[in-house]
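Engineer: Protein chains in written order, with the numbering used here: chain U, 1 to 423; chain A, 1 to 489; chain W, 1 to 547.
The set of hints was computed from the structure by calculation and includes no laboratory data.
All clues stand as given, with none of them false.
Derived PhoX-like pairs: lysine-lysine, alpha-carbon spacing no greater than 20 Å straight-line:
| id | chain 1 | residue 1 | chain 2 | residue 2 |
| --- | --- | --- | --- | --- |
| 1 | W | LYS366 | W | LYS277 |
| 2 | U | LYS305 | W | LYS470 |
| 3 | A | LYS325 | W | LYS113 |
| 4 | A | LYS470 | W | LYS524 |
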Amino acid sequence: MALEDYRADMLRCTRCSYCKWIPFDQVKSQRFAKGCPSIEYNRFQPYSAGGRLAAALSLLEGRSSYTERFVDITYNCLLCGLCDVACKVCRYNMEPLQAMRELRFKFVDDGQVLPQHTAMIQRLRQEGNVMMSPEAGRSDWAEGLDVKNLTQEKAEVVFHAGCRLCYDRKLQKLARAAVSLLKKTNVHFGIMRKNETCCGGHAFDIGYHEEFVKCAEKNMEDWSRAGVKTVVTSCSDCYYAFKRLYPELGSGFEVVHMVEFVDRHIKQGKIEFTKTIPLKVTYHDPCHLGRQGEPYVPWKGREKKIRGQIVVYEPRRPRYNGAWGVYEPPRDVLKAIPGLELVEMERIRESAWCCGAGGGVIDAYPNFSLWTAGERIEEAKSTGAEAIVSACPWCEKNFIDAIEANGGKMKVYDVMELVHQAI
Amino acid sequence: MEGKKRDLIGIVGKENVLDDPAVLEAYSWDQSFALPMRPSFVIKPENTGKVQEIVKWANVSRTPLVPVSSGPPHFHGDTVPGAAGAVVVDLRRMNHVVRVDRKNRMTLIEPGVTYSQLQPELAKEGLKLSTPLLPRANKSVIASLLERQPTLVPKYQWSLPEPLRCLEIVWGNGEILWTGEAGVQPHSLEKQWEMGMAQINAMGPQETDWHRLVSAAQGSMGIVTWASIKCELLPKAHQLFFVPAEKLEELIDCSYKLLRVRLGDEFLLLNSSNLAYLLGEGADGIRSLRERLPPWVILIGVAGRVILPEERVRVQEEDIKDITKQFALHPVSSIFGVRDEQVLAALLQPSREPYWKLGYKGGCQSIFFLTTLDRTPEFVSTMYTLAEGLRYPGQDIGIYIQPQHQGVAYHCEFNLPFDRDDQTEAARTKELFVRASEELIKKGAFFSRPYGIWANLVYHRDAQSTILLKKIKGIFDPNSVLNPGKLCF
Amino acid sequence: MALSKEAYSVLEDIVGSENISDDPALCDSYAFQWLAETARPDRSHFMPRPVAALMPGSTEEIQAIVKACNRYKIKVKPYSTGWYFYCAPQKDGDDTIQLDLRRMDRILEIDEKNMFVVVEPYVICATLQAELMKVGLNLNVIGAGISTSPLASATSYSGPGPSSFWMGHNSENLLALEWVTPTGDIVRTGSLGSGAGWFCGEGPGPSLRGICRGARGARGGMGVYTKCGLKLTHWPGPPQLTIKGTVPAYRTPIPENFRAYTLAFPSWPAFAEAYFKIYDNEIGYLFHKQFNMLGADLGPAFWILYNDPTKTLRDIEETAKKPEVKRLTEEMRCAFQIILAGRSLRDIEYQDKVLEEILAATGGWKVERMAEPDMAEFTFLYLTRLAHKHLNFVYAGGYLGTWMQAGPPDYVIRYRPVAEAGLYRDQDSGLLAQSGGDSMMGSGSSIGGGGTTGFEQFASYDPFDQESVKAIIRHMHDATKDAVAHGFPPGHETPFLQIGMTDEELHERFAKSNQPLLFHFQRKIKELLDPNDIGDRLYTWLPEPGK
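All chains should be built: construct the whole structure from the sequences, respecting the hints.
Structural biologist: Here is the structure:
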């Protein structure tokens, strides 16, 4: 695809501003009605999806050219996808999120990049991760764990830890907890150890399509060689990459998030809780597990019109509007933990406010990233919860940092951490 | 002067130009404390064309005009000339009920049409107007509505100028405009009716609400020569309930709740004195009634109209009971011998003679302003304190609180009866009037209809609006011929 | 033209460097507007580009900006949410700054007892309604939906919606107002100017409010409204709506004191008669001919499809062919939606009886499929929140409303068949969505208490397809011609067409209007309030004769 392929979306945007807010039916208060962190933080119109589409059109029509501001407009966005959900409440023929991604691809192709991103990509090329860390330390988290090495053995299930869990010392425990849970259920699985490569999702997010493809092809090759059929991960970003992006490259692997895995096994009676955790928690839906975590089938086709001008697609194009994300499994898991009380924030499920870590923002716009996380923590506090729980280490990391920066007693957990504690 | 008389006779005819001293004297003063000023002539035009000619003439001859639509007695000083050499334009000959339209619930009338004339006409078609509190029988409907006199049924008041809709205005520069939807359609009422239109929407045309510029303007911006007015349906079932209380404070929250859910048609709060003034006959009768009545009462009329009218009344009655019970109050159909039918009948008619405010002592001054209901006890207390200080008998103060605009704004009125022939009493009343006005405005009373001394008080507080208003006046009445000396003009 | 460095610097000093930009792409994101393609040369989707975009944070900042713009002869174009080409700069060659008011988003006061609220321009109906419902209050949400600013609809543009019959047109709901005039003066109307609060918009004496709004509002062309009071209405429902269902098929349970119906009628006269009876009998918390906006031929199929989250637009033809949907389509050809709200259970029972009598008298009936829980709950949520108004554009990405001449119901049904025939004809080319000639929608009453309604004809076009854009422009002209040929005044398309006219063409039109005097008076008001012409021509006027 090219940016020109989204000209129709640009022209069919009506500038209704739905992309700035959560789906309006779901609005419960003024405080927590906003949906788009980018425009809330940056304020000018082009920082919304609709505004960005208009700016893209301006570029395509030669009315404007690359400027520092335009670069800022393009990258100062979490690509959280709330805009996409809100737009699609009423529209079947708009793809604002994809259009904004395509804008980034064009910027990168034309050399309009941010130095922070360039640095990250260079390290990715060199070290195979987005944590700016040496490749050699990739599997340090698994030290002492008795788990198959799929570079030498075969198994149908691979556990992919992901860059954050591999290198973030505070969060490595989550990878170990996941492995421990997998072992408990007698699944035959392994890990790629040092050979595990970044999923490529971040590269994709910041517009480096080529780098993403390299990561993806390597991963898929490695898994195939190891006889893998199913990829399990605790990282929602990786989950999204594997589930939504890899199929475009021919991937046929089943992709399972640990919360789905655990939920299934609880309901089958294969995981039982023996301890109580008396804690009031609220659950944060990671963008890449929730609204962007829907089942995905690649589609190739064309637009066609029926009844004169009604825009549809041939063949039938699946619709991704956040309806079928992974919302219930993490909640069911939390509800199953004895003593845990789950209270909901106002913006949940497809309407969740982003944690602030996505879209390359955490690297290039750390203040914006932290502000976004801080907003979410405020929302969590408003529920009276003692802890915010999520299913993505990037979300958790950002929440931890925001609480540290702003002060506060809110605790941050991963679902797996609580599961592990309760078993 | 003879030249002017000739000119005026040329416009309206000899029999419609009056300069008899007794006639002029009658127009030179009113019940207010406004300084008397004799007009030079009183003229009685019969149609819009004549009114326009008069206004154009006034611009050329630089003659002040004072439009008057109602018969006497007048109360607010707005019909007393504020400049020498004025000509009173008495519009009472323009008294046609031009149209009554049941289906669209509209009527179109001329300025000389009074409530006592209009209501029976409307009733023939099953319609009525929400009226002010016992208006004078000779009160012009258009004048009353133009001056934003409060009406009894707040739930139908979608905006404060309601139920006034479209107008034909002869502006102070002599040009004529039709306002509202009448102003965008073909410029013929007959054509509009043929099209199926009924002059319903008051807004505009274009980016101005022209009708608002003549609202509460005391005739100083333009002369209205016809108006379309929204009517209500005549009830088929109609009852009145009293909700009595010892203190006003006890009625506040209950009133809020009732009004919020739009219970009732007529809805007003009166103190015992005012209710006695409305119902009693003669000073003794009034005094005796006042002593029997509860200190405060909500009057709430409940109507049923087209479909299942009795059931509508019954449902409302039950809902009223449920709500009043929450405040330990009870709706009743009679209070100390005063029955609901008696009061309802009084409310639905113009005042009998003498005008009800004058029945107790022959004279009366009214202080009225807008506020919110929760603030009324504070204003009432202020009034009583001032009255005590000036030795005005507190028990004589008649208090009337009228919810407006569906319960957002409240007309708060203090009626001060006095004997006009007793100089001491008159002076005391005047002093109370002036001191109370000053004190109330300081406390946040909004004198939205600034008659007499209120004009200075109000416009001095709002300099920016005053400057702008004067400039706007300069557009519509560049030579300041319309009722100069009123408001801030 | 660009802003001079000096002017930019002055404005930057007022709002702060982070709140001003003249970047071309950024400014183009403000210039891009729905309907621009119907008015601009070469059907561009961009209105004239502002020379800069600013985001002021207070009335004082706006005042300073306006004064500066007077000095530097820059036009000022404010907007709240900015939806519609009226919100953008209007003329090429005019240096205009866009005032994006999103920083002014406070709900300043909710006076629960006195039922009013005070808001800034960027408060939208969605958030305000959510806060109001918590305390048992509600507001009139205009037909364009819950994403709009109530301050904007009360002061500057269209104010009716499904709730207007019960809650009033937003012009009727406007209380006191704070206004920065084009000279940079601050005018506070009504009780506010007298220091008495926000509860009254009239007076003292003649209302300055009269020069603030009128029928249509100046659409940002005459100063900036920075705060206003709005009258509210009781909400007898729950403090928060419980939303069920999978997006987009959200629904909410109907409380026991509410009803949600689609009412159908055997004929248009019966339909109009029902409107009159509803007016007379004062039932109808929300009252709107809403669902027909997607076409009498195709709309019912769409609504059924929409409430199945597994479906896409591709399924519409298949859905339309189903026997039960075909029946529903025929049943709903002459129909509207109504929500009843009882203050008590006995009241809602009474209202139900009244409705039954109205239906009996007019031959109408409650559409059964729409009364089934899924569709009834959807209807109730849809009309209460009006959160799906972007569906106006669902078919092809573009929609435009023609006709909508206002009048009593029996007047409006007379132009209905003309509008229907015209749209069928114009849809025939295939360049407009073929949803049916009758794609008309309208408030049960556009003003409080009933009396006047209107049918807006929805024509859907594809803004990406130049031929479709040309077709919608032709349709606007056709609609005007059809109206005039049948003795109706031109409709809603008229102000849209005016955007593309030159000043001379506009003035010629105004001069031929029923009352050119209006425009002359407005010129004088403009000369008074905007001597340096920093507003725009959406505040309409005529030059002095001979000039």
